[in-house]
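What follows is each chain in one-letter form.
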Amino acid sequence: MTKVRMRQAVVQALADELESDPTVILLGEDIAAAGGAFKATEGLLDRFGPVRVRDTPISEMAFLGAAVGAAMAGLRPVVEMMFVEFTGVALDQLVTEAAKVSYLSRGELTAPLTVRASAGAGLGFGCQHSQFLDHWFRATPGLKLAVPSGARTAYGLLRAAIRDPGPVVVLEPRVLYGEREDVEFGEAGIVPLGRAHRVASGDDVTLVALGATVPTGVAALQQAAGAWSADIVDLQTLVPWDRETVVESVRHTGRLVVVEEAPYSGGWGSEICDYVAGELFGELKAPALRVTTPDAPVPYSQPLEERFVPSPELVASQVSQLLATGRRPAPWWEQSGPQ
Amino acid sequence: MNGERQLRRAALATPLGPFERMTEIRAVEERIQILYNEGHVRGSTHLSNGQEAVAVGVAAAARPTDIVTCTYRGHGQALALGLTPTEVIGEITGRSIGCAGGHGGSMHLAGPDVGLWPTFAIVGAGLPVAVGAALATQVTQAGHAAIAVFGDGAANIGAFHESLNLAAIWRLPVVFVCENNLYGEYTRIQLSTPVSDLADRAAAYAIPGLVVDGQDVAAVTSAVREALDRARNDGGPTLLEMKTYRYSGHSKSDPATYRPAGELDQWLRRDPITLEASKLIENGTATEEQLSAIRSLIAAKVQQAAADALAAPEPEAAEMLMHVHP
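These protein sequences, in sequence, are chains A and B. Numbered by the numbering used here, the letters in the first sequence go through residues 892 to 1230 in order. Numbered by the numbering used here, the letters in the second sequence go through residues 7 to 332 in order.
One should not assume that every hint holds.
What the hints assert, rightly or not - Have a look at the derived ranges for each label pair, beta carbon to beta carbon:
1) B/Gln310 x A/Asp1165: 48 to 54 Å
2) A/Glu1139 x B/Val330: 25 to 31 Å
3) B/Gln310 x A/Gly1169: 37 to 43 Å
4) B/Ser102 x A/Leu1171: 16 to 22 Å
5) A/Pro1032 x B/Ala305: 39 to 45 Å
6) B/Val330 x A/Asp1165: 42 to 48 Å
It should be emphasised that the hints constitute simulated quantities derived from the structure, not laboratory data. The C-beta atom is built at its ideal place from N, Cα and C for all residues, glycine as well.
Take the sequences, apply the hints, and build the full model.
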C-alpha cells in the first residue's frame, strides 16, 4: 500500500497499462509535453515516447473519433477529455459510433477505448466546466461508465476500463485529484467493473454514493458521531451498477439514501431507488431518499457552489430527519428557513 | 462466406471485373427499389445509382486489409468490396442472413474481413474513424491504409475539417474520397457550399487535393491507387473529389423534383456502366453480345439473391440482445 494523490494513481494506472500492453496509446489535449491540465499524465511522454503518448489539437471530434477507429483496428486508446463538457462536441463518436461497433458487426469488431474525463463541481470553474454529466453516457447500451472515489479506485477502475473489450467512460471527480489515499498497485489493485464496494458497515441506513459523494457520505457518518450507523456503498461503476450489493445492504438496513452529484430530475439515483423499491417493497422502513444537487447550473460563487453540491452536513441532517420522522425530508431548496 | 467475399474482391482485377461489378450494383439497387415498393424494406434506403464507378474504383485500388469507412449510401461500396448480393439484400430486408444479421438495415452494412467497417449513418462520422484506423496502422507499422468515403454534404461538417487537419499534422495513411453528387440531401451544392471544387479545401490542410472524373472507373481506380501509394510511403493523406451524380433522390421519400430540367439526362449520357462498356468494346476486350450475356446472367443472379433473402428467416427475438457488449 502506498499513499498517493488521485492524479498520481491515474498516472500509475496508465503507466502500468502502457508497460504491460503495447497496444495502449494515450491521446488528448496537452497530455504529453505538459503532462495534462490536471497532471494526470505527467512523465508518460518521457517514458513511452511521442508515438504512444500524443498531444492533439483542440479537436475533440477528430481525436475521440480517431480513438474509436484505432480501437476498432486493434489498439487500446485512452483519451483524456480535459473537462467532460468537451465530450459534447464529439458525443456522436462515443454514443452513436463506438457504442454500436460490436452490435453492428455481430461482435466481429470491438471498440476497446477508454475515455477519461475530469468532471464535477467544487473548484470554481463555473457552469460550463463543472457539470458531472454522467447522464450523457448512462442510458446508452454499449457503453460502460465508471467513477472513482479516490486514488484507490482511480487506479483500479482505470486499469479495468483499459482492459475491457468495449468502450468505457471514466469520470474522474476533479475535486479529488489532489486527495490522498492508500493504493495497492499491480494486478491486485485492479477494481473490476460492475462491482460496488462497501466502505462502511452499519444498521440504520444504506448510503449509496458515487465519486466525490463517497467521501461526503463518510464525513456525514463521522458527523453523526454514533447517532446512527450506515452501510456506505461506493458504487464504483454506474453502468452496469451492482444491484446485488445495494439490495443486500438495503435488505439489512431497511432504509436507502442515495447521495448524488447530479440534478434532482433524472439523476442516477432515480434508477437505484426504482430498482430497490421494486425489489424490496414492503421491507423498507422509510421511503427512499435522494440527496442531490438542485435542478440548476453549477454556480461560480464559492458559498453557492459549496451549497450546490451535497455537503456532509446536509447528508447528516437529511438522514437524521429520515430516521426521526420515517418520512422523506424535502430537498433543501424546497424547505423554508435556514438549512 | 468470407472466402467468397475475397474471391469477389479479387475478381475486380480481371479485365471485365469492374464492368461486372458495376452492373451488379445497379441490378441490386434496382431490385432494392422493387423490394421497397413491395414493402420488404423498412425505414428508408439510399440508392447510389450513377455512382457505381466510385465504389468499384475504390475497392479495386484498395487491399482487403485496408479499412474503408463509408456512408449510409453504401450498398454499392459493400458489393464492390466483396459482400454478396444475398447478404446485402438480406440485411436490407432485415433477415438473419444479412451481413449484420438484421441488426443494421440498409444504412449499416458491414464486412470487416474485406475492410468494410459498419457503414456510417451520421453524415461525416466515418472520417474521424478512418483517421483512427490510419493512426493504428501508423503506430503498429502494419503498412495498411484507410479510406474514408463520404458525400459532398459531409464537407461542411466539422468532422471533415477536424479529420483532414489531424490526418495532415500526423501524416496519417488515409485517403479521403468525397463523392460529390451535387446534392446534400435535398439541397444543391451551390446553396450550401461556397467553392465549386471541394478538392480545393485540401489546400487549407496542406495536403494534395485532386478532382477526379467519378464516372470513369479507371480514373477513380488510378487516382485512389496513387493516393494509397503516397499514404503507404509516409506521404500522408490525400483528398480526392469524385465528380459524380445520384440518379435517384436522397432517399426513398425524395422524388428529387428540385433538380433542374435536363440535368439527369445530361448525366445519364455519362453513365459509368455505359462508358465502361463502350471502352471494353472499343479496345476489343469484349463484344456487345458478351456484355449482354453478362448483364442477363447478373440480372438472374440478383433476382435469385433477392428470392433467397426473402426466403431466409427473420432474426429471433433473443438476437437483439446479442453483441451489445463484446
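These are the hints, each one checked on the structure:
Checked against the hint of 48 to 54 Å, the pair B/Gln310 and A/Asp1165 passes, with Cβ atoms roughly 52 Å apart. Range check, A/Glu1139 to B/Val330: Cβ separation about 26 Å, and the 25 to 31 Å hint holds. The given range of 37 to 43 Å is broken by B/Gln310 and A/Gly1169, whose C-beta atoms sit roughly 52 Å from each other. Distance hint check for B/Ser102 and A/Leu1171: the Cβ-Cβ separation is about 40 Å, which falls outside the suggested range of 16 to 22 Å.
At about 41 Å, the CB distance of A/Pro1032 to B/Ala305 agrees with the hint of 39 to 45 Å. Evaluation of the 42 to 48 Å hint for B/Val330 and A/Asp1165 yields a failure: the beta carbon distance comes to about 21 Å.
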